[in-house]
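Undergrad: What follows is the residue order along each chain.
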Amino acid sequence: MIYTGKPEASNVGQFMSEGGEEAMETYERVECEVTDQSSRFLVKKRDFGRQYAHLYAERLWTSRPKLIKAAKAKWDADLPVCKLHELQSDTRCIVVGTLFKHMELKPNILKEISEDHNLMPQPIRTRFTDDSDKLILEDELQRIILIGHGELSCPNIVTGVIVAVLGREPDEDRGKFVVEDYCLQALPEQVPRPSLTEDRYIVLVSGLELGGPDERLFSLQLMVDLLTGQLGDGDQQRDSARIARIIIAGNSLSRSTQDRDSLSKAKYLTKKSSAGSVEAMKNLDDIMFQLSGNVDVALMAGEFDPSNHILPQQPLHRCMFPQSAVNTTFVSVTNPHDCSVDGVRILGTSGQPVDDIKRYSDIDDSMDILEKTLEWGHLAPTAPDTLSCYPFYGQDPFLLEECPHIYFVGNQPEFKHKLHKGPGGQEVLLVTVPRFCQTSTAVMVNLSTLECTPLTFHAKLPAASSSSPEVDK
Amino acid sequence: MASKTITNVYKQSKRNRTSVKVEGKSESTKVQEASSPSIRTDDEILRDFDLALEYGPCIGISRLERWQRADKHGLSPPTEVKDMVIKHPDNVAYTHSLWDDYNI
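From first to last, the protein sequence lines stand for chains A and B. Numbering-wise (the UniProt record's numbering), the first sequence opens with residue 1 and increments by one. Numbering-wise (the UniProt record's numbering), the second sequence opens with residue 1 and increments by one.
So here's chain B without its partners, still in its complex pose (with noise of 0.2 Å):
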C-alpha cells in the first residue's frame, strides 16, 4: 500500500469501473438522453412560461388557465405551452405551476 496511493488505485479501478460502465452506462444513458431532452426542455419551455411576467401572475392557478388568461387579453401566449399542458392532464409537473406545492 505504501507505493501505490488511493489514486493510483483509484484511478485504476475507475478506469476499469468506467471503461465497463462507460459501454454499459452508454446504453442507458443513451436511451435515457432519448427520453430526458424531452422531459428537461418541456421543463424549461413551461418555466420560461411562469416566469414570463407579462402574463401575470402564475401562483395558485393551474398553467392552462393562465395560458387562457393571456391569450383572452391578446398577449399571445406561445401555443406549445398550452399543447405540452393539455398533452399531460394528469401530471401536475405540468399542469401547473412551477411554485405549486409551495401553498402560497
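With the rest of the complex left out, here is chain A (with noise of 0.2 Å):
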C-alpha cells in the first residue's frame, strides 16, 4: 500500500526493466456512491428584506432543548432553568442564551461616521481583541451581563455561539449575572462509518491560487497526473485508482485576481487589458477538465472565487467552466459542502469561519479553533455578526444537526490533523488543508481506516541562469 503514512517499497525497479510480453494493465477506479447533502445551503429565494434577528431566534430556540438536556445532565437535573425575564436574585439558576462579545475595537460603521470622534478612520487590524471586552448573554426578550467567568472567558469565545450557564443573579447587583460554570450542547449523534471491504481515497486540496505570483503550475500538474493515474508504476497506480472524490476547497483563483483597479483606472489604459479571473478561469477549467476526465471532483467557491461574497457561497456558475461542465464528474458545490461518499459524512468549509473567529478572539490555532466549532455545535457562530451570511429565516444551515466523519477546512496555513472523540462514541476526524500555493501539498484521507497523510509535490527546477551554456564556447 502506498497512500499510508508508513509506505511499503515493493517492487522497486519495475520501471527499469524491460516492458516485455506483460499486457498493458488498466485498472479502473473505484466507484462511491456520493450523495450531496448541501442543499440547506443553496439560497433559492434572494430576500435581503429581512433582518437577522430570525436567524438569531432560530438558532437559539433550535439549540436550546439539546443544551437543557446537556445541561441537567452536567449538573443537577433539579436546578430551575430559567429565562432572563424570570431571574429572580439570588437564585441558583440556569440560564441558555447567545453570547455576545462586546469588543470595543471591533470595527463599527457608527464610529466611523460620527462626528465626534471627527471621523478619525479606525487603524486596520487583524485582531480586534482588547482586555476590556465584556461577554454578554442575551435570550429572546433581554440581555445581562456575564461576570466571574472562569472558563468562560472572552478570549476563547466568540459572539454567536449558544451556552447554558449556571449561576445566579446577585442581589447587590442586578443586572449581573454570575457565572459559576458553563455547559455547550453534546456532540449530536453520529450515524456510525460503514466498514468498508478495500480502502477507499480522497483527496482534500485547496488554496490553487491560479493567477496570482504564488501559482504553482508545475506541482499542480504533478498531482493532476498523480490522482489520474498516470504517474507511477503498476502499484502507484492501482493505489491511485481507489481515489474515490476530490474535494477542492476554495480559493481556487487568487487575490490578485480581484483586483479592481481597472474599475478606477482611465479607460484609455484599460481598454485592451481584460480581468485578472477570466485567464486564471480558463486555467482552471482546462486543470478541472483533466482531473474530471477520470474522477469525480466537487469544487467548492472560496474567498477569492467569483462567487458571492456572504456565507453561504453557492456554486461556480458552469458558464465558467466550458469544458468540465460536460462531464458529470465534476460538480460545482456550495461552501460550506456536506457530503456522504460510501456512507461517511464529510463536511467542511473554505476557511471563512475559521478566519474571522481567529480575528475576533485570542485562538491562533486553526485546529483549536476548528475542534471548538465543532464543540459550540455551529459552522460559523460569529455570522452574522462579523461574517456576511445571508438572512435565513426558517432555519440556521450552519447548526450541526449530525455529526460528521471528516471536518475538514481549506485554506489554512499548515496541515494538521486529529481524531476528535466525542462523548456519545464519536469519531471525528479533523482536518486543516493547506494552502497548495505555499505548501504544495494536499490532504488524502482512507475512508476506511480514517487515515490521513499528506501529499506533497516538491519541484525544485533550477533558477535560469544568465550566462549561456558551455556549448559553443
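To be clear, the hints were calculated from the coordinates, so they are not data collected in a lab. These numbers were taken from a predicted model, which means no experiment stands behind them. Just so it is clear, CB atoms sit at the ideal spot from N, CA and C, and this is done for glycine as well. Any given hint could turn out to be false.
[Unchecked claim] With the C-beta cut set under 10 Å, the calculated list includes, among others, these residues of chain A facing chain B:
(1) G49
(2) R50
(3) H54
(4) Y56
(5) T62
Take each chain as given, in its own frame, and dock them per the hints.
TA: Below, the structure written as C-alpha cells:
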C-alpha cells in the first residue's frame, strides 16, 4: 500500500526492467456512492429584506432543548431553567442564551461616521480583541452581563455561540449574572461509519490560487497526473485508482484576480486588458477537465473565487467551465459543503469562518478553532455578526445537526489532523487543509480507517542562469 | 343673537340633530357595530400575537410564517390566529404584521 503513513517499497526497480510481453494493465477507478447533503446551503429565493434577528431566534430555539438536556446531565437535574425575564435574585439557576462579546475595537460603522470622533478612521488590524471585552448573554427578551466567568473567558469564545450558564443574579448587583460554570450542547448523534472492505480515499486540496504570483503550476500538474493515474508504476496506479473523490476547498483563484484597478483607472489604459480572473478561470477549467476526465471532482468556492461574498457561497456557475461542465463527474458545490461518500459524512468550509474566529478571539491555532466549532455545535458562530451571511429565517443551516465523520477547513497555513472522540462514542477526523500555493500539499484521507496522509509535490527547478550554456565556447 | 348664546343655538340644533340622527345613526351604527366588533377584535388578537415576544421577531415575515415557526419550536401559539389568517389570504391587514408597510 502506497498511500499510508508508512509506505512499503515493493517492486522497486520495476520501471527499470524492459516492457516485455506483459499486457498493458488497466485499472478501474472505484465507484462510490456520493450523495450531496448540502441542499440547505443553496439559497434559491434571495430576499434581503429580512433582518438577522430571525436567524438568531432560530439558532436559539433549535439549540435550546439540546442545551437544556446537556445542562441537566452535567449539573443537578433539579436546578430550575429560567429565562432572563424570570430571573429571581440570588437563586441559583440555569440560563440558556446566545453569547455576545462586546468588543471596543470591533469595526463599527457608527464610530466611523460619528462626528464626535472627528471622522478618525479605525486602523487596520488583524485582531480585534482587547482586555476590556465583555461577555453578555442574550435570550429572546433580555440581555445580561456575565461576570466571574471562570472558564468562559473572552479570549476563548466568540459572539454567536449558544451556551447554558449556571449561576445566579446577585441581589446587590442586579443586571449582572455571576457565572459558576457553563455548558455546551453535546456532540450530536453520529451515524456509525460503514465498514468498507477495501481502502477508498478522498483527496482534499485548497488554495490553488491560480492567476496570482504564488501559483505553482508544475506542482499542480504533478498532482493532477498522479490523481488521474498517469504517474507511477503499476502499484502506484492501482492505489491511485482507489481515490474516489477530490474536493477542492476554495480559493482556486488568487486574491490578485480580484483586483478592481480597472474600474478606477482611465479607460484608455484599461481598454485592451481583460480581468485577471478570465485567464485564471480558463486555466482552472483546463485543470478541472483533466481531473474530471476520470475522477469525481467537487469544486467549492472560496474567498477569492468569483462567487458571492456572503456565506453560504453558492456554487460557481457552470458557464465558467465550458469544458469541464460537460463531464458529469465535475460538480460545483456550495461553501460549506456537506456530502456523504459511501456512507462517510464529510463536512467542511473554505476557511472563512475559521479565519473570522481568529480575528475576533485570541485562539491562534486553526485546529483548535476547528475543534471548538465542533464543540459549540455551529459551523460559523460569528455569522452574521462579523462574517457576512444570508438572512435565513426558516432554519440556521450552519448548526450541526448530525455529527460528521470528516470535518475539514481549507486554506489554512499548515496541514494538521486530529481524531476527536465525542462523549457518545463519536469519532470525527478534523483536518486543516493547507494552501497549495504555499505548501504544495494535498491531503489524502482513507475512508475506511480515517487515516490522513499529506501528499507534497516538491519541484525544485534550477533558476535560469544568466550566462549561456557552455556549448559553443 | 344677544340673548341667545351660541351654546344655546348649538345645543338646540344638536338636540334636534342628534335626536334625528340618533335614530338614523343607531341603525347604521348598529349595522356597523355588528360588523366592526369582528374586525376590531380580530385586529386586537392579531396585534397581540405580533407583540408577544415569546414567538420571536415579527418584522419582515408574514403572520402565518411566524405562526408556523412558533409551532415548529413547540411554543404553542394560539390557533385562532392561524385560522383568522388563513380565512383572509388577500387582506394584507391580516396576513402581514403591524409594521409591514414600514419597510424595515
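Undergrad: Confirm or reject each hint.
TA: Hints, one by one, checked against the model:
1. G49: Interface hint status for A/G49: holds (6 Å vs cutoff 10 Å).
2. R50: holds, 4 Å
3. H54: It holds, given that the least Cβ distance between A/H54 and chain B is near 6 Å, below 10 Å.
4. Y56: holds, 9 Å
5. T62: Nearest chain B Cβ about 7 Å off; hint holds.
Violated hints: none; the structure is consistent with every hint.
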